[in-house]
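J.: Using the sequences and the hints given, assemble the complete structure.
There are 4 protein chains.
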Amino acid sequence: MRPLGIGLIGTGYMGKCHALAWNAVKTVFGDVERPRLVHLAEANAGLAEARAGEFGFEKATADWRALIADPDVDVVSVTTPNQFHAEMAIAALEAGKHVWCEKPMAPAYADAERMLETARMSGKVAALGYNYIQNPVMRHIKTLVGEGTIGAVNHIRVEMDEDFMADPDAFFYWKSELSAGYGALDDFAVHPLSLLWYLFGHVEAVITDMAKPYPDRPLSEGGRRAVENHDAANVLMRLGGGISAVLMANRAAWGRKGRIVLQIFGSKGSIVYDQERMNEFELYQADGRGSEQGFRKILAAPAHRPYDRFIPAPGHGLGFNDLKIIECRELIRAISGEPSSIVTFEDGLRIEKSVHAMAQSFHERRWIEIG
Amino acid sequence: MRPLGIGLIGTGYMGKCHALAWNAVKTVFGDVERPRLVHLAEANAGLAEARAGEFGFEKATADWRALIADPDVDVVSVTTPNQFHAEMAIAALEAGKHVWCEKPMAPAYADAERMLETARMSGKVAALGYNYIQNPVMRHIKTLVGEGTIGAVNHIRVEMDEDFMADPDAFFYWKSELSAGYGALDDFAVHPLSLLWYLFGHVEAVITDMAKPYPDRPLSEGGRRAVENHDAANVLMRLGGGISAVLMANRAAWGRKGRIVLQIFGSKGSIVYDQERMNEFELYQADGRGSEQGFRKILAAPAHRPYDRFIPAPGHGLGFNDLKIIECRELIRAISGEPSSIVTFEDGLRIEKSVHAMAQSFHERRWIEIG
Amino acid sequence: MRPLGIGLIGTGYMGKCHALAWNAVKTVFGDVERPRLVHLAEANAGLAEARAGEFGFEKATADWRALIADPDVDVVSVTTPNQFHAEMAIAALEAGKHVWCEKPMAPAYADAERMLETARMSGKVAALGYNYIQNPVMRHIKTLVGEGTIGAVNHIRVEMDEDFMADPDAFFYWKSELSAGYGALDDFAVHPLSLLWYLFGHVEAVITDMAKPYPDRPLSEGGRRAVENHDAANVLMRLGGGISAVLMANRAAWGRKGRIVLQIFGSKGSIVYDQERMNEFELYQADGRGSEQGFRKILAAPAHRPYDRFIPAPGHGLGFNDLKIIECRELIRAISGEPSSIVTFEDGLRIEKSVHAMAQSFHERRWIEIG
Amino acid sequence: MRPLGIGLIGTGYMGKCHALAWNAVKTVFGDVERPRLVHLAEANAGLAEARAGEFGFEKATADWRALIADPDVDVVSVTTPNQFHAEMAIAALEAGKHVWCEKPMAPAYADAERMLETARMSGKVAALGYNYIQNPVMRHIKTLVGEGTIGAVNHIRVEMDEDFMADPDAFFYWKSELSAGYGALDDFAVHPLSLLWYLFGHVEAVITDMAKPYPDRPLSEGGRRAVENHDAANVLMRLGGGISAVLMANRAAWGRKGRIVLQIFGSKGSIVYDQERMNEFELYQADGRGSEQGFRKILAAPAHRPYDRFIPAPGHGLGFNDLKIIECRELIRAISGEPSSIVTFEDGLRIEKSVHAMAQSFHERRWIEIG
Ligand SMILES: NC(=O)C1=CN([C@@H]2O[C@H](COP(=O)(O)OP(=O)(O)OC[C@H]3O[C@@H](n4cnc5c(N)ncnc54)[C@H](O)[C@@H]3O)[C@@H](O)[C@H]2O)C=CC1
Ligand SMILES: NC(=O)C1=CN([C@@H]2O[C@H](COP(=O)(O)OP(=O)(O)OC[C@H]3O[C@@H](n4cnc5c(N)ncnc54)[C@H](O)[C@@H]3O)[C@@H](O)[C@H]2O)C=CC1
Ligand SMILES: NC(=O)C1=CN([C@@H]2O[C@H](COP(=O)(O)OP(=O)(O)OC[C@H]3O[C@@H](n4cnc5c(N)ncnc54)[C@H](O)[C@@H]3O)[C@@H](O)[C@H]2O)C=CC1
Ligand SMILES: NC(=O)C1=CN([C@@H]2O[C@H](COP(=O)(O)OP(=O)(O)OC[C@H]3O[C@@H](n4cnc5c(N)ncnc54)[C@H](O)[C@@H]3O)[C@@H](O)[C@H]2O)C=CC1
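Residue numbers (this note's numbering), protein chains in the order written: chain A, 188 to 558; chain B, 188 to 558; chain C, 188 to 558; chain D, 188 to 558.
Derived from the structure by calculation, the hints contain no laboratory data. Any given hint might turn out to be false.
Same chains, same label: a pair holds when it works inside one copy or across any pair of copies.
[To be verified] Taking lysine-lysine and the DSSO-like style, the derived pairs with C-alpha atoms no more than 30 angstroms apart in a straight line are:
id: 1; residue 1: Lys540; residue 2: Lys246
id: 2; residue 1: Lys246; residue 2: Lys329
id: 3; residue 1: Lys246; residue 2: Lys399
id: 4; residue 1: Lys540; residue 2: Lys484
id: 5; residue 1: Lys246; residue 2: Lys362
id: 6; residue 1: Lys540; residue 2: Lys362
id: 7; residue 1: Lys540; residue 2: Lys329
id: 8; residue 1: Lys246; residue 2: Lys455
id: 9; residue 1: Lys329; residue 2: Lys399
id: 10; residue 1: Lys455; residue 2: Lys540
id: 11; residue 1: Lys329; residue 2: Lys362
id: 12; residue 1: Lys362; residue 2: Lys484
id: 13; residue 1: Lys399; residue 2: Lys484
id: 14; residue 1: Lys246; residue 2: Lys484
id: 15; residue 1: Lys455; residue 2: Lys399
id: 16; residue 1: Lys399; residue 2: Lys362
id: 17; residue 1: Lys455; residue 2: Lys362
Computed from a prediction, not measured in an experiment: that's the story for all the values here.
T.: This is the structure in structure tokens:
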């Protein structure tokens, strides 16, 4: 079989991350074909050319449609800003390519629906870039929960906080425009929602509050402009099986840089995880002598698959970019028809449905059941 | 002036804690009269006698009304279970005694109202045992917030978790009866609410979800009984000044023993506190070079008054019982007419009002504004 | 039997701490006689009078010999600076009093030897104020080690660090004089040595390095003066049973306030303790599935005796002063002829012997065996 | 100029790590030529072939001398066990290749000397795989120390601990043979020594103790065999400028997986680092108000170069393998004649000299000055 031909659209934060994954996946995992890095698209030709050289792609273009038309391309990484996802992913799927699209699907729910529809019709693999579920530590948490190590789960808290919107004196920019979305909710609360989906399935009912820490911001050209969306969102939730949950997302939380704290409480124990220390988690088991019970800090180790593919020694640590390599391996697995652990467009749409329900719940000041 | 004559009703967990405080307050603070430990009341005469001996009280009784009638008693510590607070506190106030009553005021709001009314009419000091606000670290946090060290506060999260109801196989007992209250909400969420009140004033609007991790429990005599109240409560809140807040309380949270985590976010920084590590707090300040910004772990020290009254060296640590000694000092200050930091029945009623609003919000599934 | 009559010499940091303990021991433990606070001695009459009032002592004196001569005094707390310990403790023992003397025994080894000799001849209880061994958490660690929970111990590290000598611009004062002792070694390394003694018995061989972070210091009156002793000491040690150990003590360690970190490694697990977080310890057990092994953070709890005498709930925390109350209880136990856990003058002398051997080892730049 | 031709000998733990680095360095850094992965050598032909496919090398061989003779190879990664380093590195240098050799240089000091000599004569770049110095956080620590942020450094502690030799029931294997070296000292204490060298220059004097937690071990074939080297080593050291230091290394420390804890004390502050949490460090600065001083936990961020080349957002975290990519970039820099941060054979020999001095110090039970 010919190697997978890769097309990459966008070469910013995530574009580079995908490029690193495509470059590394074979060396890390061994048991896949080395992908062929065929075509790269960027906003202008010069940048496209430069990045193709850096990332090891054969061809470069300023016209992403040319990339999609390229018969040597089998999979398209869509790593452009959210508003382009629908158009690009749909075009790629329609052209018979597999799609690896960054999260979230699209600002408008209808666009996300169209993406799923196209994916279904295409029969191709359509996966989203929810890399945090790929952490070997998170996988192991899923295993532990599944094995009943902490009994029946009854309560969950999840916090996602960063501080890139925390400075009130920072100039107004597009992230504060309504057109960019609800704010914290779709900007990044989708990440913790992907973890909840991965571990416990979908959200059933929500009530949301949102907040604007700073009602307006200075404009670089002088004057001030009203902030149009919400940097903080707090949600009470019900998951299946009567699990109560709380979601808190804040992109104006000084001092938090990449915090995603997950607390899971069950009838026999608890689990705590913090993305800022992504190579460890805490486990409390209510067994044995009470005088020695406590939260156990467990370091990432080869026993937590597929950490072993990266490092044979425990406690040495994976990085954020490594999660994308694992995601890439799962995508290839899916393309090969093997069982895999990806967030499909189907799953992603459900995540986005819950995000929209949350926003609606805020505006209508009431609980919303998610059908 | 004659020394303050102390009466103590109840000698369980809190009774002993009050007794320790009355014994120690003079030695720790120096600048007060040594109180005279006059009268102690317990459920039966034998226990009363024994405890009076242990705690250093002159007289013992099984009839708390005798204690209240004792002319040598000036202040009454009420440390009995919640259902007795109203009756005892009111009787004491009516007899012209100052009252130091354990939190919360009373299961029924009407009773709490009567307590406040009586206190007002009596002109006596009526304080509640919300000791966590007395932690020198908490006081220092209040100072920092007041000084604007973290700018204008815009978001707060507070969690209170213990695990004494976490075992699903533990027998049903009175804490699960409706008559004992809402569950986590009034059982201990009043503690974090006292912190919010202390630092930021009162809650203005709430929406609540509550959960029963275990719908029923085994009976010691065989069979099972339905749990009547909720071990977990989650609340979205609005405080004054547009501060958004989330309160989470869970008495079935395996591994948590005395956790009260407070996260305070402002326009210039953040503060984090955890009661399980009550001798430290974390401060993030968004100033100086970005490459050296981070959460600073600050250990309790003499500079955080009145830690210095206990220990002249930093980092050595106060204990839970020491908070009650400070509370006792504040109570004496209030009795002497000096400025003091106590939770009065007035403040306490407001806390309880918010608790009842939270419960109502849960039952009616809607936001409640607190008048 | 008449209650124990207490005499207290010195009312500084430790004097107050003893006074708090004598005031609280009965209320906390119940099962002892309430001591009678008879006589207090301070450097001058005014201060003595004032402190007697604050601490609850009946009589006050500027002449500590009067206190020792007082027939109502049964036990003498010696809490004066080190150079007075020998004279006061010996006089008290010779007068037939029990002695509770703060650590260390005396700057000169010969004086410490005389203290022990007198104690032996007197037949009275002679205990030293090594309160850190009294922490319920430390007791539990001793139990765990004794039960073989971490197997055979083979390696230990202990660090004791504070920063009260860390500022190079602070004026020269008596702590830097040779007459005050070796520096970090006897100033506070005796504390970790008391822990090692408590857990593992005595030190058998040592090699030491000492360091002067700042060779001289400014004088308040102008000019500079050479520092005469060492703020940092590092020692390689051999304990019984072939245990290798490292002791590090530094009183010029910026940021450390009351750090005593103990790391204990055994054939089946490890234990870690930090005095700055005195209400917890960490336990690693090499059993069960490797994928869930980790250091367990165990919070102080009623199961760790006698924590339960202070607080019936886990995770609420004792304070530094509470350790002295426990020490006081143990002293009373010893006086009553019951089994008790105190550091006797016999044990203390052995600790001091090892300190002097460490200093000698530094000066002679060689290993010293401690006979 | 033609791209750098890479040869890789060995494909175990480190071989894969080098391969990942060679694959990624161009994509991460952009500003280098993409290396050409030319030739791979492994112990047998089948494995060599398989690995060449996985790692993306053009040719495979079981004869490493063939690789060294390959004119298309410009740089040789030597990632075989220690006993092969000298022979392979020397052959490669003599063939005019640059060498990137894993640490340490060689078990015998004379071999290491020959390696340096050959490197000098060759004029080629000869670097060692001390990757921990490449951590952006470590680089930033170096910057801070250099800028005087913590004043003049006067005391250092460094601990390196793992637990792969901690199980006393594990079978005897080659790591316990004398031929494998001194044990903990050369097996991994060289890593912390590389950090000390990087930050503070070379060690001047040492006194060492070493220990065998388990004097013998079971043999897989039955019976027991005496352990010939030492799993634990503790060293008191003097660095230049009168800095006192302590080095502790233990490969039988249960619960430690990849711990390298570095504590640096200066006249104005302190720095603490732990390799198990390689994406953060702690900084204490003795300035500002005392009541807010504390250790600041600083998360890795783009401001800590070259973290920004991997991830544009702070707090997301690099992994262990990323350090090798940075090391690779530095090596290429050195080959290009640019200023670079590598551990040359010259530096490495000095590190090994100190290791041998430490061992000698243990055997002679005395301080050794390192010339
Ligand atoms: N999985 C994760 O953890 C993360 C996911 N993301 C997601 O990745 C996506 C991209 O975000 P970033 O990489 O942070 O943005 P970015 O701004 O760093 O990169 C976007 C890139 O797309 C390029 N681009 C824009 N329009 C284009 C066009 N028409 N044709 C070709 N290239 C075009 C831009 O020139 C730029 O290079 C977003 O959907 C975001 O939500 C972002 C950060 C983290
Ligand atoms: N401030 C804080 O942190 C805490 C406050 N509390 C509050 O303290 C109060 C007491 O709780 P605990 O001390 O935990 O209960 P407890 O059960 O340990 O003690 C209650 C005591 O009251 C005595 N008592 C009951 N009825 C009596 C009567 N008619 N006359 C005299 N004595 C009587 C009981 O015999 C018992 O000794 C509650 O209101 C609780 O909410 C409890 C724990 C912590
Ligand atoms: N166990 C522990 O954790 C600690 C033990 N210590 C030990 O306690 C002892 C005292 O230290 P601090 O309390 O810190 O000192 P301090 O300076 O606070 O108090 C010493 C007191 O002794 C009084 N004093 C001195 N000469 C006297 C005399 N001739 N007659 C009566 N009173 C006299 C002084 O006026 C002062 O009140 C020392 O031996 C020290 O090593 C100190 C701190 C902690
Ligand atoms: N920088 C770091 O953090 C680390 C460095 N190391 C160093 O890396 C070196 C290798 O250690 P590991 O990778 O852990 O060992 P390993 O046992 O995993 O790999 C060694 C490889 O060399 C191969 N090999 C042996 N003899 C060969 C020959 N004659 N020709 C070709 N290949 C041969 C083996 O087949 C094996 O694939 C050692 O010097 C070690 O000290 C190891 C681990 C971490």
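J.: Work down the list of hints and note, for each, if the structure agrees.
T.: Results for each hint:
no., hint, verdict
1, Lys540 x Lys246, "neither (37 angstroms within a copy, 51 angstroms between copies)"
2, Lys246 x Lys329, "neither (40 angstroms within a copy, 41 angstroms between copies)"
3, Lys246 x Lys399, "neither (45 angstroms within a copy, 59 angstroms between copies)"
4, Lys540 x Lys484, "neither (35 angstroms within a copy, 37 angstroms between copies)"
5, Lys246 x Lys362, "neither (32 angstroms within a copy, 50 angstroms between copies)"
6, Lys540 x Lys362, "within (21 angstroms within a copy, 39 angstroms between copies)"
7, Lys540 x Lys329, "within (23 angstroms within a copy, 41 angstroms between copies)"
8, Lys246 x Lys455, "neither (55 angstroms within a copy, 47 angstroms between copies)"
9, Lys329 x Lys399, "between (34 angstroms within a copy, 23 angstroms between copies)"
10, Lys455 x Lys540, "neither (32 angstroms within a copy, 34 angstroms between copies)"
11, Lys329 x Lys362, "neither (33 angstroms within a copy, 33 angstroms between copies)"
12, Lys362 x Lys484, "between (37 angstroms within a copy, 29 angstroms between copies)"
13, Lys399 x Lys484, "between (36 angstroms within a copy, 28 angstroms between copies)"
14, Lys246 x Lys484, "neither (47 angstroms within a copy, 44 angstroms between copies)"
15, Lys455 x Lys399, "between (39 angstroms within a copy, 15 angstroms between copies)"
16, Lys399 x Lys362, "within (13 angstroms within a copy, 39 angstroms between copies)"
17, Lys455 x Lys362, "between (42 angstroms within a copy, 20 angstroms between copies)"
Violated hints, listed in ascending order, are 1, 2, 3, 4, 5, 8, 10, 11, 14; each of the other numbered hints is respected by the structure.
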